[in-house]
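Student: Under full-length UniProt numbering, the letters of the sequence shown match residues 1 to 635, in that order.
Mixed in with the good hints there might be a few duds.
Claimed, not checked - Here are the computed distance ranges between Cβ atoms for each label pair:
{"#": "1", "residue 1": "TYR161", "residue 2": "LEU499", "range": "38 to 44 Å"}
{"#": "2", "residue 1": "ALA203", "residue 2": "ALA114", "range": "25 to 31 Å"}
{"#": "3", "residue 1": "GLN230", "residue 2": "CYS28", "range": "49 to 55 Å"}
{"#": "4", "residue 1": "PRO67", "residue 2": "LYS183", "range": "18 to 24 Å"}
{"#": "5", "residue 1": "ASP76", "residue 2": "GLN230", "range": "45 to 51 Å"}
{"#": "6", "residue 1": "GLY447", "residue 2": "GLY252", "range": "33 to 39 Å"}
{"#": "7", "residue 1": "ASP353", "residue 2": "LEU558", "range": "48 to 54 Å"}
{"#": "8", "residue 1": "ASP290", "residue 2": "ASP214", "range": "35 to 41 Å"}
{"#": "9", "residue 1": "ARG376", "residue 2": "ASP77", "range": "38 to 44 Å"}
{"#": "10", "residue 1": "ASP91", "residue 2": "PRO127", "range": "17 to 23 Å"}
{"#": "11", "residue 1": "SER450", "residue 2": "GLU87", "range": "55 to 61 Å"}
{"#": "12", "residue 1": "ASN227", "residue 2": "LEU558", "range": "21 to 27 Å"}
{"#": "13", "residue 1": "MET531", "residue 2": "HIS448", "range": "37 to 43 Å"}
{"#": "14", "residue 1": "ALA203", "residue 2": "PRO67", "range": "36 to 42 Å"}
Said to hold, decoys possible - Here are the simulated DSS-like pairs of lysine-lysine, each with C-alpha atoms no more than 27 Å apart in a straight line:
{"#": "15", "residue 1": "LYS364", "residue 2": "LYS454"}
{"#": "16", "residue 1": "LYS261", "residue 2": "LYS183"}
{"#": "17", "residue 1": "LYS183", "residue 2": "LYS469"}
{"#": "18", "residue 1": "LYS334", "residue 2": "LYS364"}
{"#": "19", "residue 1": "LYS454", "residue 2": "LYS261"}
{"#": "20", "residue 1": "LYS364", "residue 2": "LYS261"}
{"#": "21", "residue 1": "LYS334", "residue 2": "LYS261"}
{"#": "22", "residue 1": "LYS220", "residue 2": "LYS168"}
{"#": "23", "residue 1": "LYS469", "residue 2": "LYS454"}
{"#": "24", "residue 1": "LYS183", "residue 2": "LYS168"}
{"#": "25", "residue 1": "LYS364", "residue 2": "LYS220"}
What the hints contain is simulated information worked out from the structure, not anything from laboratory work. Note that beta-carbon positions come from the ideal geometry of N, C-alpha and C, so glycine has one too.
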Amino acid sequence: MSEQHLFQRKTRSIYWLLLISAMVALWCSARSQPSETADSRQDARDAAQAAAGGDSAAADWLADIDPDDILIDLRDDISSDVVADIEARFDLDLELVSAQSEDERLYRAHVAPARRDAVLHALSELPAVEIAEPDASVQLGPVADFAAAPAVDDDIDWDSYPNDPMFKFQWHMNQIGMPEAWKMADGDGVIVAVIDTGVAHGAQGRFHVVPDLDGVPFVKPYNFVNNNEQAHDDHGHGTHVAGTIAQLTHNGVGVAGIARKVQIMPLKVLSASGSGSVAAIADAIHYAADNGAKVINMSLGGRFPSRILKKAVEYAHDQGVVVVCAAGNDGRAKVSYPAAYPGAFAVAATQYDETTTFYSNWGKEIAIAAPGGNTRVDQNNDGMPDGVLQNTIAIGDPTQNDYYPYMGTSMASPHVAGVAALVVGEGVTEPAAVERILRESARAPAGHSSFDEKRYGAGIMDAPAAIEKARAATGGWQLLLGLLVAGGLAASVRRRGLLFAPLGPTYLLGVMVGASGLFFLPYLGLSLEGMFLGDLLTRGLPSWDLALFGPAGHGNALFFSALIPLGLVTALYGVRRLRAPLAGLAAGIAGHLLFHAVVRIIDIQYVPNALMLDELWLGLNALLCLGLGFLVLRR
């Protein structure tokens with residue numbers, strides 16, 4: 001064997017060894033944070049047994065139980081004849097929780113309190129019944145009728161960003177780094193479901209859109225209290241929450257929001273009094289997951305560990321939805337439900353000085369902390385109580401609106417939901433990956449190198465760091481894998497003496513287009529945010545579906561396959577000068593697919609979400625791309 005052949009063989013081996021090493025390192029890095037399991041959470045207890053007195057902790061939440069309404073979750077394949085048989089056998093009138101409950105077969109029934117426990121026990125024994133438990137209530141805490149924000153001075157610096165005149169009172173946006181994050185991402189096209197008291201989203205009778213939400217896209221609203229499509233807010237809480245997420249920003253009006261180009265899905269589950277049922281919340285979670293939401297915010301909670309609600313949270317998470325929940329405002333070492341469930345991302349509240357607030361619940365389930373405010377103090381001496389300031393209706397009066405400072409973990413949660421939407425907008429759509437990025441980018445409270453994780457979780461959310469991590473976690477690794485694939489491919493063909501021509505810059509250009517695009521442009525101060533061409537230039541070709549179809553269409557199986565390079569090779573193989581960039585493109589796409597096979601940050605659409613079929617799909621198509629590249633490089 002000649003020295004040249006030996007050198008080429010070693011070079012080829014080194015490339016493939018480096019590729020394998022990089023994939024192993026990437027795999028280890030992606031799993032460096034321990035994943036949350038049911039063991040790391042409080043297990044949901046058997047509600048029916050507990051309600052009957054079988055749980056010593058039942059006194060903690062027994063008052064939340066509805067004395068005479070029960071919920072029955074039937075298997076999805078149960079026929080109407082089986083439903084009728086259950087009704088006759090137990091003398092029940094089963095009614096769907098809402099018009100949206102038919103697919104998941106979630107029913108409510110009225111039963112005399114004296115026979116409730118016996119009926120629940122008997123229902124639980126039936127093969128057709130997945131869960132039978134009491135319904136339970138959820139109640140918002142009292143919201144003080146705070147005075148509206150004071151008028152601002154006329155000498156506003158309109159050249160600053162944002163130019164919203166009351167932004168100077170939004171200390172909470174600065175605490176999570178939004179002035180920097182606004183330059184980087186806007187959450188364009190991401191649907192965020194706000195499961196709450198409704199949102200002031202449209203004009204109907206006494207209802208109207210509040211001025212600083214007028215222009216926000218609202219999609220598929222639903223009212224689970226009155227079972228109609230008018231999810232208007234008659235309380236004020238839900239509109240305030242939606243404002244934190246999506247209040248119009250840099251419009252010269254009022255205040256700013258976090259993700260200024262998201263779409264809001266208003267889902268009303270709480271009445272004008274701030275009360276609602278577990279059944280309605282579970283139904284709304286299913287509805288959001290089935291209608292395109294990528295993020296759910298639930299600034300609500302209760303003490304009852306409903307298994308039906310737990311199942312709904314798990315369903316949404318499995319459907320690719322990030323479920324963000326308020327930890328609760330009891331000021332105790334017990335996170336409320338649904339925040340305490342597996343699949344939920346529990347948020348604690350901080351105040352201006354970055355300590356956790358007096359009301360914020362704590363525990364091992366806390367994932368992260370974010371500004372919730374404290375209207376009892378004015379630590380920054382701006383003349384405004386240190387609440388979270390947003391535009392909402394007057395409490396209980398949808399005919400009036402103003403800018404009100406609220407406090408609560410209810411206010412902390414939408415800060416996290418908004419930043420989660422920004423991360424999703426960057427192309428990270430798998431919930432576990434979004435949660436990992438939020439955790440790993442969180443920071444310590446000011447002046448502290450260590451902190452109590454039961455109170456802060458991973459730390460205080462850092463929006464720009466999360467966005468940077470989402471980008472760095474994709475583009476850099478994708479380019480590295482693409483280059484290693486391209487190097488190994490070229491070395492393999494050259495060793496066999498089959499290389500059709502010397503490879504030049506066009507080969508590397510093809511690799512970059514296929515693997516990562518010019519992902520580094522934002523780091524050079526070139527802002528392409530919000531530009532369609534910019535979205536294409538800064539992503540590898542398979543992820544162009546994000547620009548074309550939005551976050552809901554990201555992970556398209558046709559884009560994340562060998563189909564596009566196959567089509568290009570078929571059409572252009574005869575053009576000799578294009579063979580090098582075509583081969584580079586195939587190698588780059590192979591690197592892009594291998595990245596997603598190793599680090600699951602998206603769900604491949606149309607591929608069943610089981611048995612690692614996504615990873616298998618991506619790996620096989622990466623091999624096909626490698627084969628195409630080999631074919632194109634041969635003379």
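Student: Taking the hints in turn, state whether each one holds.
Tutor: Checked hints:
Hint check: TYR161 to LEU499, Cβ distance near 52 Å, so the stated range 38 to 44 Å is violated. As the Cβ distance of ALA203 to ALA114 is approximately 48 Å, the hint placing it in 25 to 31 Å is violated. At roughly 50 Å, the beta-carbon separation of GLN230 and CYS28 lies within the given 49 to 55 Å, and the hint holds. Between PRO67 and LYS183, the C-beta spacing of about 54 Å breaks the proposed range 18 to 24 Å.
The hint said 45 to 51 Å for the Cβ distance between ASP76 and GLN230, and at roughly 28 Å that hint is violated. Between GLY447 and GLY252 the CB atoms are about 35 Å apart, so this pair conforms to the stated range of 33 to 39 Å. The hinted range of 48 to 54 Å is satisfied by ASP353 and LEU558, whose Cβ atoms lie roughly 51 Å apart. The supplied range of 35 to 41 Å is broken by ASP290 and ASP214, whose beta-carbon atoms lie about 28 Å from each other.
In this structure the supplied range 38 to 44 Å is violated for ARG376 paired with ASP77, their Cβ-Cβ distance being about 53 Å. A C-beta distance of roughly 20 Å is found between ASP91 and PRO127, which places it inside the suggested range of 17 to 23 Å. At roughly 58 Å, the beta carbons of SER450 and GLU87 sit within the given window of 55 to 61 Å. Between ASN227 and LEU558 the beta carbon distance is about 39 Å. The supplied range of 21 to 27 Å is therefore violated.
Our hint of 37 to 43 Å for MET531 and HIS448 holds, since their Cβ atoms are close to 39 Å apart. Remark: the range hint 36 to 42 Å for ALA203 to PRO67 is upheld by a beta-carbon distance near 39 Å. Among the hinted pairs, LYS364 with LYS454 is consistent with the structure: their alpha-carbon atoms are about 5 Å apart, no more than 27 Å. As the CA atoms of LYS261 and LYS183 are separated by approximately 13 Å, the hinted pair is consistent with the 27 Å bound.
Of the pairs offered as hints, the one joining LYS183 and LYS469 holds, with about 15 Å between alpha carbons and a cut-off of 27 Å not exceeded. Of the pairs offered as hints, the one joining LYS334 and LYS364 holds, with about 9 Å between alpha carbons and a cut-off of 27 Å not exceeded. Restraint check for LYS454 and LYS261: not satisfied, since their Cα atoms lie roughly 33 Å apart, outside the 27 Å limit. With a C-alpha separation of about 33 Å, the suggested pairing of LYS364 with LYS261 is violated against the 27 Å cut-off.
Only pairs whose Cα atoms come within 27 Å are accepted, and LYS334 paired with LYS261 is rejected, the gap being roughly 35 Å. Among the hinted pairs, LYS220 with LYS168 is inconsistent with the structure: their alpha-carbon atoms are about 33 Å apart, more than 27 Å. Between LYS469 and LYS454 the alpha-carbon distance is near 24 Å, which keeps this suggested pair within the 27 Å criterion. Restraint check for LYS183 and LYS168: satisfied, since their Cα atoms lie roughly 18 Å apart, inside the 27 Å limit.
With a CA separation close to 35 Å, the supplied pair LYS364 and LYS220 exceeds the 27 Å bound.
Figure legend: structure checked against the earlier numbered hints; hints not met, in rising order: 1, 2, 4, 5, 8, 9, 12, 19, 20, 21, 22 and 25.
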